[in-house]
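Model the full structure from these sequences, guided by the hints.
Just add 100 to wherever you are in the sequence shown, counting from 1, and you've got our numbering.
Simulated from the structure, these hints should not be mistaken for lab results.
The reader is advised that the hints may include incorrect statements.
Claimed, not checked - Subject to a maximum C-alpha distance of 20 Å in a straight line, what follows is the list of computed DMTMM-like cross-link-like pairs (lysine to aspartate or glutamate):
(1) K381 / E107
(2) K240 / E123
(3) K124 / E366
(4) K302 / E258
(5) K315 / E169
(6) K354 / E366
(7) K302 / D203
(8) K109 / D132
(9) K124 / D365
(10) K109 / E165
(11) K109 / E374
Just so you know, these numbers come straight off a predicted model, no measurement behind them.
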Amino acid sequence: MTNKHAEIKLVAIDLDGTMLTNEKTLPQANIDAVHQAIQAGVQVVICTGRTLPGVRDVIAQLPFEGEDEFLILQNGAVTHRLHDLSIVSQTVLTREAREVLLDFARDFDEEGAQLVAFDQENMMLMSQLPASPIVENDSKVLSTPITVFSNEEFLAYEAFNKAMVLGEPHVLDGIRERLSESLLTHYSPVRSQPIIAEFLVKGVSKASGLKALTKQLGLEAANVMAIGDEMNDLEMIKWAGLGVAMGNAVEAIKAVADAVTTHNDEAGVAHAIERYILSEKKL
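This is the structure in structure tokens:
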């Protein structure tokens, strides 16, 4: 339940479909609202599935000022201190987990859905086929070139923070029914977009990253507002004292949220910050 009387001291904001428009641009209204929130003493934390290269252009446009600012990336797998991008915490996929996922992904490769994995800076493709248009587009969005890895290289590499299977929605629609017990032992899978199924270390999510960070900062869930739109935002929307769904959010997110703001193409983040943070501080 939301603590309606708690003061919001931190706002966690998703990027795609939330902070950014459908054209992947950053509305000036959102920039201004973040600036006002920071000036009012509220910590702003970007909490996204993207990797570090995929957020650099966005954070360069935001008015972060102090040294005590953070980024939660890769859906909670990695937390960076913003001013020097040093790693505060991270999780990596074990070899056994990689073996299980590689076996699972082979069937999907034949159906045109491809396995990719990420470390801090790189996107590796494990496929017998050239990168699909979906993988190529994701690479462009993340500003991360594709490196082709053999299965042996995938199993030998120790620094993967998360993996994804990317493919057409009709291929991924049946993925949950095909998850094995062994896979679920190692991973917390989430359908972050219709074309993306993500595989994070068991128990890792945006909520787990946010919970660890707020504990470090001496805050509680009641002091947190979280804003998002897709299924990879579900846990943090439920966990936060005030969970806000975008107007364009999927219905499952709206169902668990405490409030719904406007569309991401209508600066819904700015509307939420004004209504639930700035207006409260004016009272």
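Status of the hints after comparison with the structure:
In summary, the hint linking K381 to E107 is supported, as the alpha carbons are separated by about 9 Å, within the 20 Å threshold. Of the supplied pair hints, the one linking K240 and E123 holds, its CA atoms being roughly 13 Å apart against a limit of 20 Å. Our distance criterion of 20 Å between C-alpha atoms is met by K124 and E366, whose separation comes to about 13 Å. With a C-alpha separation of about 17 Å, the suggested pairing of K302 with E258 holds against the 20 Å cut-off.
Taken as a hint, the K315 and E169 pair is honoured in the structure, with Cα atoms around 14 Å apart against an allowance of 20 Å. Proposed proximity of K354 and E366 is supported: the alpha carbons are some 17 Å apart, at most 20 Å. Under the criterion of a C-alpha separation no larger than 20 Å, the hint pairing K302 with D203 is consistent with the structure, at around 18 Å. Distance restraint check for K109 and D132: the Cα-Cα separation of roughly 18 Å lies within the 20 Å cut-off, and the hinted pair is therefore satisfied.
For the proposed pair K124 and D365, the alpha carbon gap of about 10 Å is at most 20 Å, so the pair holds. Of the pairs offered as hints, the one joining K109 and E165 holds, with about 16 Å between alpha carbons and a cut-off of 20 Å not exceeded. About 14 Å separates the Cα atoms of K109 and E374, which keeps this hinted pair within 20 Å; it holds.
Checked against the numbered hints listed earlier, the structure breaks none of them; every hint is satisfied.
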